[in-house]
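Chain order of the listed sequences is A and B.
Numbered per our numbering, the first sequence spans residues -16 to 99.
Numbered per our numbering, the second sequence spans residues 11 to 125.
In short, the hints are calculated from the structure, not lab data.
A few of these clues could be false.
Some chain B residues flagged as far from chain A (calculated, every beta-carbon gap over 12 Å) [claimed, not checked]:
| id | residue |
| --- | --- |
| 1 | E25 |
| 2 | D65 |
| 3 | T73 |
| 4 | G118 |
Okay, the calculated beta carbon distance ranges per label pair [claimed, not checked]:
| id | chain 1 | residue 1 | chain 2 | residue 2 | range |
| --- | --- | --- | --- | --- | --- |
| 5 | A | V(-5) | B | G26 | 26 to 32 Å |
| 6 | B | E68 | A | T59 | 24 to 30 Å |
| 7 | B | I63 | A | K0 | 19 to 25 Å |
| 8 | B | T55 | A | Q24 | 15 to 21 Å |
| 9 | A | T59 | B | G26 | 27 to 33 Å |
| 10 | A | A38 | B | N17 | 43 to 49 Å |
| 11 | B | K15 | A | G(-1) | 43 to 49 Å |
| 12 | B | R27 | A | E54 | 45 to 51 Å |
| 13 | A | R5 | B | H82 | 35 to 41 Å |
| 14 | A | D40 | B | E25 | 41 to 47 Å |
| 15 | A | V(-5) | B | D11 | 31 to 37 Å |
Heads up, the beta-carbon is just placed ideally off N, CA and C, and yes, glycines get one too.
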Amino acid sequence: GAGVSQTPSNKVTEKGKYVELRCDPISGHTALYWYRQSLGQGPEFLIYFQGTGAADDSGLPNDRFFAVRPEGSVSTLKIQRTERGDSAVYLCASSLTVGGWKDTQYFGPGTRLTVL
Amino acid sequence: DQQVKQNSPSLSVQEGRISILNCDYTNSMFDYFLWYKKYPAEGPTFLISISSIKDKNEDGRFTVFLNKSAKHLSLHIVPSQPGDSAVYFCAASAGSGGSNYKLTFGKGTLLTVNP
């Protein structure tokens, strides 16, 4: 079956602009996650959705970052007033459930965001 | 402060030999550990995991060892193959703390297996 897909694969924007990054999870997966991977670092947790609601957004760096998942499937990560420090690969993952014993998170290929 | 540390940025081994990748952690609440493999331009792919109630888990050529007292885990690949060349990430989560969904990753180790 299809894995996690993310669009666009690359996004170049100018400082101060608004961007949206999209994630299509594996069909039937109720849990969805966003991570950010900066150069030379491992992925860092941003936010976790169970269904439509954001169950934990403690990893979002500030209020310029926001994510939604209105129908419990596709999710959009939104970044306002982008800064050069936002440049990173944004990874989305999904899992069948959460609460079961350690559901495996399956990652998409990521969106590489470059803020000029 | 890095809670999961992979102190070797890179490792090079010969095909057919053993690859040993190491990982240390500082958070005693971590009770579940995973290894992910990542090829360029792809997302991380789950490889193998281990719960803190075990000290070893094996899956084919891959074995993960956990030493809780030392807060150390390692991934052994035997025999190594050129297709194993990738970046390997160690990750951990704290299920008993109610945040088993939140993975904390190390910086990764680039493994190169030479033919």
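Subject >> Those earlier numbered hints the structure runs against, lowest number first >> reply: Violated hints (numbers, rising): 4, 5, 6, 7, 9, 10, 11; every other hint is consistent with the structure.
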